[in-house]
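Respectively, the protein sequence lines represent chains D and W.
Residue numbering for the first sequence follows the working numbering, beginning at 4 and increasing consecutively.
Residue numbering for the second sequence follows the working numbering, beginning at 36 and increasing consecutively.
Treat the hints with care, since some could be wrong.
With a Cα cut of at most 20 Å, we get these calculated EDC-like pairs of lysine to aspartate or glutamate [unchecked claim]:
#	chain 1	residue 1	chain 2	residue 2
1	D	LYS258	D	GLU236
2	W	LYS231	D	GLU93
3	D	LYS131	W	GLU70
4	D	LYS99	W	GLU70
5	W	LYS231	D	GLU98
6	D	LYS258	D	GLU247
7	D	LYS258	D	ASP284
8	W	LYS121	W	ASP184
9	W	LYS118	W	GLU102
10	W	LYS231	W	GLU311
11	W	LYS232	D	GLU98
12	W	LYS231	D	GLU104
13	W	LYS232	D	GLU104
14	D	LYS258	D	GLU224
15	W	LYS231	W	GLU74
16	D	LYS99	W	GLU76
17	D	LYS99	W	GLU74
18	D	LYS23	D	ASP65
19	D	LYS99	W	ASP227
20	D	LYS23	D	ASP212
21	D	LYS258	D	ASP272
22	D	LYS131	D	GLU103
23	W	LYS118	W	ASP184
24	D	LYS185	D	GLU39
25	D	LYS185	D	GLU202
26	W	LYS232	D	GLU93
27	W	LYS118	W	GLU164
28	D	LYS185	D	ASP206
29	W	LYS121	W	GLU164
30	D	LYS185	D	GLU199
31	D	LYS185	D	ASP34
32	W	LYS232	W	GLU70
33	D	LYS131	D	GLU98
In short, the hints are calculated from the structure, not lab data.
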Amino acid sequence: MSSSEGHPALRVRALRKSYKDVVAVDRLDLDVSYGECFGLLGPNGAGKTTTIEICEGLLAPDAGTVELLGLSWHSHAVQLRQRLGVQLQETQLSEKLTVEETVRLFRSFYYRGAPVAGVIAMVQLEEKRAARVGALSGGQKQRLAMACALVGDPDLLFLDEPTTGLDPQARRQVWHLVERFKSAGRTIILTTHYMEEAERLCDRVAIMDHGRIIALGTPRELIASIGVEHMVEFAVGDSMPRPELAALETLDGVKAARLENGSYQLQVDELHRAVPALLADLARRGVAVTELRTHSATLEDVFVSLTGRHLRDE
Amino acid sequence: MSDQAAVIGTRGAAPRRLPLSETSLVQLTLVRFREFWREPEAIFWTFVFPILLAAGLGIAFRNRPPEVLQIGATSPALAAALKADKSLSVRLLNRGAGEEALRLGRIVLLAVPGDASSVVFRYDDTNPESRTAFALAGRAIQRAAGVRDAVPVSTAIVREPGSRYIDFLVPGLLGMNLMGSGIWSLGFAIVDARRKKLLKRLVASPMSRAEYLLSFLLSRLALLLIEVGVLVGFGVFVFGVPLRGPVWELALLCLLASLSFSALGLLIASRARTIEAASGLMNFVMLPMWVFSGVFFSAERFPEVFQPFIRSLPLTAVIDALRASMLQGARLTALAPEVAVMAAWLLVSFFAALHLFRWR
Chain D
4 MSSSEGHPAL RVRALRKSYK DVVAVDRLDL DVSYGECFGL LGPNGAGKTT
54 TIEICEGLLA PDAGTVELLG LSWHSHAVQL RQRLGVQLQE TQLSEKLTVE
104 ETVRLFRSFY YRGAPVAGVI AMVQLEEKRA ARVGALSGGQ KQRLAMACAL
154 VGDPDLLFLD EPTTGLDPQA RRQVWHLVER FKSAGRTIIL TTHYMEEAER
204 LCDRVAIMDH GRIIALGTPR ELIASIGVEH MVEFAVGDSM PRPELAALET
254 LDGVKAARLE NGSYQLQVDE LHRAVPALLA DLARRGVAVT ELRTHSATLE
304 DVFVSLTGRH LRDE
Chain W
36 MSDQAAVIGT RGAAPRRLPL SETSLVQLTL VRFREFWREP EAIFWTFVFP
86 ILLAAGLGIA FRNRPPEVLQ IGATSPALAA ALKADKSLSV RLLNRGAGEE
136 ALRLGRIVLL AVPGDASSVV FRYDDTNPES RTAFALAGRA IQRAAGVRDA
186 VPVSTAIVRE PGSRYIDFLV PGLLGMNLMG SGIWSLGFAI VDARRKKLLK
236 RLVASPMSRA EYLLSFLLSR LALLLIEVGV LVGFGVFVFG VPLRGPVWEL
286 ALLCLLASLS FSALGLLIAS RARTIEAASG LMNFVMLPMW VFSGVFFSAE
336 RFPEVFQPFI RSLPLTAVID ALRASMLQGA RLTALAPEVA VMAAWLLVSF
386 FAALHLFRWR
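Chain W extracted, bound-state conformation (with noise of 0.2 Å):
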């Protein structure tokens, strides 16, 4: 029974400092981050599906290069004539066939050599592509005949980064995310903790409650990291997102949103007993703002009246703010409404939660 001397009466002697590694916080801590890595739907939900998401809007709403258009000609002068215009890809084709491409709408215009040096172009006028190719083709002949502009033209392309959709969409991902997240991982975690009658064990042993709570916050700072810094570095690299204001700013408006949210899921487990008693509360709570917070759309779409309502709603401050620092450069101290919002959503659930919350 040598295993039993090493256990039965080893309190009585002198303690041992323990570790760090060892100490109560770092295995909570620990504990939150092991049951996340070893659950695989998590790991998607949180990293993969943002992600997927972006890359999937991003292409279907993507900003189109200007279209080149199709045309054809009968005689390799003309062809060469109307090459010189960067917007027309001209075909050499026999009448024949030219005709015949036309009637399928292989191409849009079909110029042909006229009586003398004259041109004629056979194009649909209902067409706006045959249309603005008529405009092209017309302008490249004269150009090639010598015809010099009366009035000197330059143009500025305006195309900017920060205008288009990806840019609309990536910081409403991401507050959608960190909503998700922080409502998720703590509302599902202490609510199966509670049903398991594990809450109950955990309270009926020496740990401190607080850090019990601490230890999902500190895990929960940690994934943040991970989670803000795939979906953003995912938007500037790939989209090429802007990121206008300070990045610490950025991280602070993160932090900021994921502890409102995660006080707002420990409010929401705070009694909750079931799995679906738990989901049902979160649903209620996410889905009015998957709706008006403006994730996908802005939130300004919605009819005046309901604008206080949705200014107040968490996601809407949050989004709100990230829009406005990523793609406008706002400073903090311009997004004070925002972050008092969000900072009033924090404190109330917070304290809402530890006045509610049952251990067992």
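Isolated chain D, as found in the complex (with noise of 0.2 Å):
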């Protein structure tokens, strides 16, 4: 059961999966390696999902290999669950049961695993360890679900959109645990549609769209493949004449710029250059600002910049 031989915490080839006309997932490779926190990234329908469950063994696929921890599915699906913490997307636990009770349950499902009161401290629902399910809040039935998944032990935990529909503060707190089950060196795959959530607790991140991977790498080394390290939006006021894209992009120190819904876009390597230079064209041109916001590029510009539209089409 060592983590160091000389297998990735799993390996995915040439994966396919099809849903009537869709193309869900289009030959997808894929490696992670023991003690990584790996995060899966796209938007809603980029196949994110659909991948995570065939790795689960919740899905078959319609062609290639998965392997987990050097087992495949066909050959050690016992042994398998017995290794995996898993966290679905959308899953409602027994709003009769109490905390303690559905902990309890999950824990009689494994031949080892962590004792029921630990994993109850561990995601800090001590205080609620005799309340029903149904009176959680969201946050708390996250970290629930949480409990439920490592109670195992797990020496792979897959998340799927941990923190989705979470208010920041109950997001934080799951991020937390994912950093501690991470310190302890133990390999997750997450998947998740926010940025912020990949930067902080990825060591790596696949983008995904379309069923494809289109970019890989840590958040660091995507965000400098696009070669830009800083974004401008600003916004005009209605009667002012708009700026050309064309002009603006021949400002100083600007690399590129974009219109979405009224708002200018410009992506910027170097800050103190740009800013005053498009400043004062604008004062030249009588143009007034109404909005001027800069910030640190993302991995959301990332995927922008390579598919030209949002992750979260809000």
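Once you've looked at the hints, go ahead and assemble the two chains, each given alone in its own frame, into the complex.
Printed below as a string of structure tokens:
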């Protein structure tokens, strides 16, 4: 059960899965090392959940191979189940059971595992130990789902959108849990469409779109790959003349310009040169700026620059 | 981070054998009980409703005691003579009040002294109760005057438990209850778990699928004991419904019936994704049996052409067998056809369900 054998924690080769006429996963290859926190990032419908559910042994692929911890679902399903921790999207645990009864039930499925009280303490639900699941908040339910995933003390943990629908504080509590599991040297594979989540938690991310991986690397590498460090966004008043995108791109320090929903977005490598140049140019044209924002480039910008679309269509 | 140390990495330690109460089959079965007990409606429909129904119908269709007829007499001597018959309740009235009571129907006959020692009975001969009172009063007067029966007559009252409506009803309700709880408890719980993606989550864990289904069976058997005990106990102790067959054979019949209906519930739940779809299917399956299987009246009242269909329904077999065992004391060997129908439903439903069952 050592983690240093010659195989990766997860190896996926030429994975394919289609539903009727929609190709959900299209010849996907993936390697995840032991001890790594790996993120599958992409918009809804990119094939993240299908990929992760095939890896979890819940879906059969149309073609391709999946190997986890050096084992395959065909030959070692029982052993694999004992060594995986799984948290699915949208599972509703039984509302009539208490927190402790739920964790105890899941604990009973594993030959070896963590003590029930220890897991409940780890997800900080001690005070809710005797509370019905139906009375928990969204964040508490999600931490309970994490407890059920962790109670078998898994070698490999799958988290499918662990923080979707949670408020910022509840989200940070889940992140904290993932970080603690990670710091114990265990392997995590998670899907998300929150950039900040992937940037904070993941050692490496794969950006998925239309069932394929369109970019793979550490968050820092991916952000560096678009060759831009900063983004400048601004808007002008409705009655103002519209600056030409081509003219904006000639400004000092600006690499590219886009117009989206009436807001200009400039990819910039040197903020201290681009912003004065932009403001001077707009002042010369007599255009009043109603909004101006700058931020460091994120994985979201990587996705936008690769696909021209946003991860979340809001 | 001491709690972390207590959780992560513990699997690497030597496996600790779980106590029996922590094993998965026990835990799964406990979940079934908890979900049942924490649903007040389920308790009402399973335990309380059949009793209310039996009590209500039992009272409505109870066998009335022989009625005492209200009559009047206008002289004390006449009243005393008439009181000798226990079926007559005699009131001493003056002539005016007696006529008034007769007109208003408070008494069905008025006895008035006539000429010499004769008696006049005033009554309405179109009223059956009045005619009965006339016959009884006439006999009482003659006996009081010393007339003896020329032919000695003795009577034996036949009013036997087992032939009353309540006796017919209790096995019917028992069968209906076995059907409802078997089909509902499995069907509803499984479809609900599938709808909430809980089934999928369980399948993603190392849980044994066989143990999951077995937990339903075990909880069903335990609840069956209470369910059958309460309803049969109520019938026996409150209404004196007979248990003529051996109790263990009745228990065996209930067990087989419950398993058959549970398998049917499993089959209904094997694919449905929504509670609505499952409810529709359950009603579709149960409605014909509520109507045809003879819960409230004998299934033999339906025309001959329907009989093969009605005989093949599981609830018909269950109710026929329960009635035969409880009311006629029929032994299992005599109930082979009914037992065969139940077993066939059990096997066909169970294997079809296993084949069709969708865990996701």
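Straight-line Cα separation of LYS121/W and GLU164/W no greater than 20 Å?
-> Holds, because 15 Å separates the two Cα atoms, which is no more than 20 Å.
Hey, LYS258/D versus GLU247/D, does the alpha-carbon distance stay inside 20 Å?
-> holds, 14 Å
Does the structure keep LYS232/W and GLU98/D at a Cα separation of 20 Å or less?
-> Given pair LYS232/W, GLU98/D holds - Cα atoms ~13 Å apart, limit 20 Å.
Is the straight-line distance between the alpha-carbon of LYS121/W and that of ASP184/W 20 Å or less?
-> Cα-Cα ~18 Å, so holds.
Taking only the CA atoms, is the gap from LYS99/D to ASP227/W under or equal to 20 Å?
-> The given pair, whose Cα atoms are some 13 Å apart, holds under the 20 Å limit.
Given hint GLU93/D paired with LYS231/W - CA-CA distance at most 20 Å | Holds. LYS231/W to GLU93/D sits at ~8 Å (cutoff 20 Å).
Holds or violated: LYS131/D with GLU98/D, Cα cutoff 20 Å?
-> holds, 13 Å
Agreement of LYS231/W and GLU311/W with the hint, judged by alpha carbon distance not exceeding 20 Å = Status holds; Cα separation ~14 Å.
Assess, step by step, whether the Cα of LYS99/D is no farther than 20 Å from the Cα of GLU74/W, and give holds or violated.
-> holds, 8 Å
Assess, step by step, whether the Cα of LYS99/D is no farther than 20 Å from the Cα of GLU70/W, and give holds or violated.
-> holds, 6 Å
Compare the distance between the alpha carbons of LYS131/D and GLU103/D with 20 Å, and conclude whether the hinted pair is satisfied.
-> holds, 8 Å
Is LYS258/D close enough to GLU236/D, meaning Cα to Cα at most 20 Å?
-> With Cα atoms ~13 Å apart, LYS258/D and GLU236/D stay inside 20 Å; holds.
Of the numbered hints listed earlier, not one is contradicted by the structure.
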